[in-house]
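J.: Residues per chain are reported as follows:
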Amino acid sequence: MIEVTLTVDGESVTVPQGTTILQAAQRISKEIPTICYHPHFSPPSLCRVCVVEVEKSRVFVQACSRAAENGMVVRTDTPRVNQTRKLLLEMLHSAVDTSESPDLLRYSKKYGAEPDRFGDGARREFPVFDDNPFYIRDYSKCIMCWRCVQACGEDVQWTFAIHRGDRGFEAHITTFDAVPIPESTCVYCGNCVQACPTGALKPKRVIWMEQGFDLKQLARVSQLDEPKKRDR
Amino acid sequence: MTPELTASLEELLTAVRADAANLPSLFWLRAYTTIAMERGTPRIRWAKLSGFVSRTAREFGVNGLDHAPGRALLTDYHFFQAVGTDDNIVVRDPGQMRALDLGRSYDVELLPDFQPELPALALAVNQAWDELRVADHADGALASVLTRWAPEGKSGLLPALIQAQETGKGWLPPETLSQIAQALGVPLSQAYGVATYYKMLYTKPVGRKLIRVCDDVSCYLNGSADLLHQLGNILWVRGGETTADKEYTLEIVPCLGHCDCAPIVEVGSTLNEFVQDARAVLSAPEAEPRGIAEGPVLLRDINTAHLHTLDGYLAQGGFAALRRALTEMTPDQVIAEVKSAGLVGRGGAAFPTGLKWELASKSISVLRVLGDAEKHRGRTYGYLVCNADESETGTFKDRILLERSPFRVLEGILLAALAIGAEYGYIYLRGEYPLAYHRFRNALEQARAGNYVGSNILGSNFSFELEIRRGAGAYECGEETALFESIEGNRGEPRTKPPFPTDYGLFGKPTVINNVETLSNVPFIIANGAAAYRQYGTEKSPGTRLVCLSGQVQRPGTYEIPMGTTLRHVIYELGGGLHPDRSLKAVLVGGAAGAFLTPDQIDVPLAFESLNAIGATFGSGAIMVFDDSANLWGVLLRIARFFKEESCGKCFPCQIGTQRQLEMIERMGQGKARAGDLQLLAEVGQVMTDASLCGLGQFAATAIASAFKKNLVSA
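Chains as they are written, first to last, in my numbering: chain D, 1 to 232; chain H, 1 to 715.
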């Protein structure tokens, strides 16, 4: 097995070739923040929050997908890198409802992000899509991390019910021709809901719990509605 | 009708009944008889016929833009003879017809024996047309789209969408999208995601004709506001809206790459230049393109030597370099010559061309050793891609090269492919350049007929096939990895680098991607040697380069300058200086992704080393001039808006940063800057520069930052 040795924040670490900078840092218990990265999906490297400074590199480098190289000198918490993370978090808060993203809120504390810096710029505002029995889509909370598309697509389920539509700031997640979920190829596997880091995708049962319904009551009511099922 | 004419017609109709793909030939014949009857003469200029066909074909669901059916009508059936308009030579032998250079000017006319029967023929053709045209034209057109592109799979998605839209209803209804997706094996949601990514694809109905008015920097400085006002009065719609009679949809668009002829209005696929009267533009389409283009090597005799025709190109020494490379040099020697010349990329990144070729050649050699199974789709071990997606604000040089000397671009492509060992390539051509598409496509067909492209080129064992792919309105698709994604049938979203294209590029194969101008330089280097190339320019910046001068100058245009020529010389000597009684305020070098220079800086020699020394770069070669009357806030607003509209939306810094940058520039331009805005703007700019995934985001704040730094505006 070929190994490479690199330095992360002055500390040396040796890893198998092909290990990413993020994984190498994790080995020596250095936390590098991530948002779009998920250990089960191929990293899209788009949130840019995990960028680090690498000596001799003109640009910042994303730790989640860049392979560690022999002799690499990595700094994960320089002022410029921390400033980048702070701004990214502030921009997210300014555009999206981040109230139910525990990671974003935790990082914001750590990097001193001020949520109101951008005042009243354009925000992602969508009506809540409640079109199927299992989960809702609240894209006002969507940060476009791609995880749901990956889960529905080639990283997990190969169902391809959803994809990205339009582009730029207006890019959003959509079904084919924006049809309701029951008219798409969705098989209600729940992988996208599980992967969503911001609560944009939520199981209906969680919504009902939040609204104070007693789930056992609800179940009883639905059983009374359809007695034939119980007689089987 | 005489038995002979009846037989000719019957031959055509039999072919149409056998295969609906032959329908366009009948359509061309119908077009011919219609015009001939209207004008009372059997002799029709080929270009007029082409124009008529392309204007009316869409109504009938026929891809009339395809030259092949028209050509087939001349070569495969017995109706016509062709007469050269400059030499009056008559061609009627089928073999000669096949070799006709349709880039030259021809009249077509019925064979003399048939001419007295024109009225009878017209009647018969119209009856046949009514009987044979597909009942639902859109279905027939869609069928040929699916037949053409299904074998490509997902990679055929964008071309299929473009063609289906053109030959169908002008937009893409869900049923059409669904049929294309199914035929190509692409998931429905992905096909929809691709269709909604490109601005020239419409998933909602649009008017029969699209009117695109450019409101980007140069057109803005040259009267686009007045044109929009005029059009608003005539059409009574605003940007994005469709007239009540569904005839026109008005779009306000970013740079169309015709800044040398600003202001521009595009109606359908006709570009109207130097427009003063919007109403005239709606009724009468534009004549020949007029932009100025002057220079000693790439632009030598470009307006007089008919370099878009094979004869013209050969007369100027065309393909001599290819012959030399095939017979006297090895591929490695070709690479060495280009390295020695010191040619660097002309798209903006200025990467050494020879080095790029060398890296790819090595990667391809490795795959070749591993054997045939490593070929992609049995075509090639690695790809040559020509980036013709020129979309940087203020840039039009590649368009000039493609329109006026497409054969030279092609020869450059062939030499590059030969050097690296590629047997298949693509040219990705911006969707907003219809004339460039037709001229290049014509040149490619000619070249194929002349054995310059295809198997065993000029009798050698070098084989190369080239495919043209059109873009559909996305600046980001000029970014090399986003371009690969687009050809592969995905949204034009960039990849991370490393890996770099010479290792992992198009379809994951080693790829060289070069700019149009870069490739256009190669024939000269190979035919005349590196030393001849180096006689121009400076030690560190050898050769010539094309600059695109526009904005508030007397003679906007494309100028080929030896590297080291001063900016002052370009503006005042070549460009004729400013308008009377105006003084210079600033110059934007490198387009929207560039930087402002001030009047005290215009003696800078235009070469990489001297520009770097003052913190500037060539970028795409765009040079936009602003005089004291220019409203620079309007300019900054358009720069900010450009990046916001073109951002692909993948990475956070650019997706949100370009939006916030635009909002702040809007506020500041209106005099409503808030406390802390300047600081916030700088910070957003810094995040985009430091952390964006690709060059679009990395350079989105550069011009704006330079404007503030040089006190050209104050908040």
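Since the hints were derived computationally from the structure, they do not count as laboratory data.
Bear in mind that the values here come from a model prediction, so they are computed numbers and not experimental data.
Hints may contain errors.
[Claimed, not checked] Pairs of lysine to any residue residues, derived as SDA-like cross-links and limited to a Cα-Cα distance of at most 25 Å, are as follows:
1. H:LYS497 x D:ASP97
2. D:LYS56 x H:LEU355
3. D:LYS86 x H:LEU355
[What the hints assert, rightly or not] Chain D regions said to be covered by chain H (calculated; three or more residues, Cβ under 8 Å):
4. 128–139
5. 190–204
[Stated by the list, open to error] Here are the in silico distance ranges between beta carbons for each label pair:
6. D:ARG80 x H:GLU666: 58 to 68 Å
7. H:GLN679 x D:ASP103: 45 to 55 Å
8. H:LEU370 x D:ARG27: 49 to 59 Å
9. D:SER57 x H:ALA449: 43 to 53 Å
10. H:GLY634 x D:ASP103: 35 to 45 Å
Glycine included, each C-beta is placed from N, C-alpha and C at the ideal position.
J.: Enumerate the violated hints, using their earlier numbering and listing them in ascending order.
T.: 1, 3, 4, 5, 6, 7 and 8
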